[in-house]
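The listed protein sequences derive, respectively, from chains A and B. All residue numbers for the first sequence refer to this note's numbering, where the first residue is 1 and numbers rise by one. All residue numbers for the second sequence refer to this note's numbering, where the first residue is 1 and numbers rise by one.
Calculated directly from the structure, the hints in this document are not laboratory data. Please note that a few of the clues may not be correct.
Part of the chain B face toward chain A, derived, beta carbon under 8 Å [as the list claims (entries may be wrong)]: (1) R2; (2) T11; (3) I15; (4) L19; (5) I29; (6) L178; (7) L179; (8) P181; (9) V183; (10) K184; (11) W186.
From a predicted model like this one, the values you see are computed outputs, not experimental measurements. C-beta: ideal position from N, C-alpha, C; glycine also.
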Amino acid sequence: MDSEIYLDRDTFFHRLDPRTKIIILLVTFVIVLYYQNPLWVLPISALVVLQGILADSLINLRRIRYIMLVLAVSGLILWNLFASGETKLFWIFTVESLAYSLGRVLIMLTLITAGMIFMSTTRNEEFVIGMIRLGLPYRVGFAISTALRLVPTIVSSVFIIAQAQRSRGLDLDSGNILERIKKYLPLLVPVFVSTIRNTNIFGMALEAKGFGAREQRTFYLDIKMQRADYWMLGLMLVMFIITTYLKIRGFGDIPGLIRF
Amino acid sequence: MREVFSMWKNTRMIILTALSAAIYAAVLIPFKGGIPIVPGITEVRPANVFPVIFGLMFGPAGAWGSAIGNTIGDIFGGTLGWGSIFGFFGNFFLGFLPYKMWGALGLVPANDVSQTINSWRKLLAYIIIVIVSAAACAIIIAWYLDLAGLIPFAFLSVVITLNNAIAELVLGPPLLLLLYPRVKQWGLIWTDIMSKEDVSPGFARQLGAILAIVGSLGGLIVGVGISTGLYGQALFQFGSGAKGQVGVWLGVLPFIILIIIGSLMMSGREQFVEETE
Chain A
1 MDSEIYLDRD TFFHRLDPRT KIIILLVTFV IVLYYQNPLW VLPISALVVL QGILADSLIN
61 LRRIRYIMLV LAVSGLILWN LFASGETKLF WIFTVESLAY SLGRVLIMLT LITAGMIFMS
121 TTRNEEFVIG MIRLGLPYRV GFAISTALRL VPTIVSSVFI IAQAQRSRGL DLDSGNILER
181 IKKYLPLLVP VFVSTIRNTN IFGMALEAKG FGAREQRTFY LDIKMQRADY WMLGLMLVMF
241 IITTYLKIRG FGDIPGLIRF
Chain B
1 MREVFSMWKN TRMIILTALS AAIYAAVLIP FKGGIPIVPG ITEVRPANVF PVIFGLMFGP
61 AGAWGSAIGN TIGDIFGGTL GWGSIFGFFG NFFLGFLPYK MWGALGLVPA NDVSQTINSW
121 RKLLAYIIIV IVSAAACAII IAWYLDLAGL IPFAFLSVVI TLNNAIAELV LGPPLLLLLY
181 PRVKQWGLIW TDIMSKEDVS PGFARQLGAI LAIVGSLGGL IVGVGISTGL YGQALFQFGS
241 GAKGQVGVWL GVLPFIILII IGSLMMSGRE QFVEETE
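With the hints as extra help, turn the sequences into a complete structure.
Printed below as a string of structure tokens:
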């Protein structure tokens with residue numbers, strides 16, 4: 001696992017204020033769920049992909065290609081169990097349920113892609129300060145930021161310890177899923193212990209630098225809304241209004257679909 | 001619930017929140033692409049052992065850590081979506097109820113409230129807490145996703161409860177026995193960090209614990225009952241029934257409120273004991 005998802009690029013989306021990027025993500029999350037019909041989801045998905053291309057961030061999807069493949073294949077089959085229709089194909093599949101599954105899978109992949117683009121274009125610090133400026137208490141923001149930073153380190157530690165144990169003859173690759181999980185548990189314990197043990201030192205270091213001394217704090221990283229941010233927010237507002245209007249008018253459904 | 005907010009004044013509790021979140025997320029992520037149960041919503045999650053353990057040892061920091069860790073797991077695992085919102089609240093209660101109920105159940109002896117399993121009574125308390133918190137987490141998430149029309153309550157609530165409880169029951173006791181002495185030695189048990197005054201005093205604590213049990217298990221049973229009986233969502237089968245019906249969310253809502261009321265009545269102060277050297 002690489003140390004961070006953020007990609008250091010100089011694109012339009014990278015330069016946007018983190019608050020704008022958070023709002024883009026939230027609006028995407030809302031409007032993509034409006035429609036059942038994959039043909040109606042597709043334009044939103046295309047816009048998200050276009051955003052990924054412009055932000056030069058789609059390369060990060062490689063990291064989760066296996067997850068996306070599993071979600072897509074299993075989703076295409078499983079979502080058919082949630083729906084039915086009039087036009088039978090075979091077994092549990094009908095034309096309508098298949099269209100529904102395609103729509104659901106497309107929504108899921110669009111959500112994942114939008115989340116990944118956000119993480120690829122926004123540094124942890126920017127993400128957290130963006131949320132703080134949107135009203136999140138800075139102590140909570142600090143905890144989230146620290147956790148985000150520590151996750152790759154802890155995952156890397158787990159893999160290093162696992163490799164060390166493998167070199168001593170521990171077989172981690174055989175057995176069923178439960179047996180494998182059991183084998184990993186003794187490897188995780190030293191990682192947790194070493195991580196938790198640093199709490200006191202970490203705390204002293206923070207307090208020595210004045211963490212929590214004042215209710216209001218200043219930030220080294222300063223963020224400001226630029227003209228481009230307002231244009232993007234305006235664009236998102238227009239998109240939100242149009243998609244909501246179309247949803248209310250009943251567009252985007254699958255004719256003949258029976259949902260359970 | 002005073003300590004849930006007052007803990008943010010304490011630097012060590014903030015750090016423990018971050019560490020709990022990071023560890024939980026770090027173990028969740030490798031299993032994201034493993035065995036999905038409902039694609040993009042939930043998968044086999046052995047990492048679910050941690051919220052209850054961190055909740056018991058780190059108190060409110062463990063609860064916040066579980067909530068934040070689950071969201072980070074979704075971000076890094078690529079499954080950030082609508083389920084993440086109520087996943088946050090569900091996982092919060094997965095870490096929150098254990099430390100609130102530990103001393104309130106009346107099973108843990110007053111002369112040894114240490115958050116480890118060194119007696120049969122504590123093992124029994126642990127089992128009850130695991131089942132209740134697993135069910136509470138499940139009904140919160142399933143209630144919302146049923147309401148949103150995404151997954152039937154009957155299926156998801158049972159799956160999440162089992163997914164949580166199995167990991168916690170099988171892996172929890174040995175991990176707790178292994179980690180507790182070390183964490184205690186470093187002075188990082190939440191009762192060693194926070195002051196008693198910062199913790200909610202509660203009232204009728206045992207009754208609060210009972211309400212939490214009734215809310216969690218009652219919500220699960222009644223919710224599944226309504227959705228399988230009244231509206232026909234089959235227990236482990238998607239192909240019947242109706243989602244997002246008024247009966248399901250209106251029937252389960254009072255039980256979620258009951259869990260919250262029970263949580264307000266419980267304290268955690270009983271776990272503060274004077275250390276004798």
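Verification of the hints:
1. R2: For R2 (chain B), the interface hint is violated, since the closest Cβ of chain A sits about 16 Å away, which is over 8 Å.
2. T11: Because about 5 Å separates T11 (chain B) from the closest Cβ in chain A, which is inside the 8 Å limit, the hint holds.
3. I15: 5 Å, holds
4. L19: 6 Å, holds
5. I29: 6 Å, holds
6. L178: 6 Å, holds
7. L179: Check passed: Cβ of L179 (chain B) comes within 7 Å of chain A, closer than 8 Å.
8. P181: This hint is violated: P181 (chain B) lies away from chain A, its Cβ roughly 11 Å from the closest one there, beyond 8 Å.
9. V183: For V183 (chain B), the interface hint holds, since the closest Cβ of chain A sits about 6 Å away, which is under 8 Å.
10. K184: 11 Å, violated
11. W186: 6 Å, holds
Violated hints, in rising order: 1, 8 and 10; the structure is consistent with all others.
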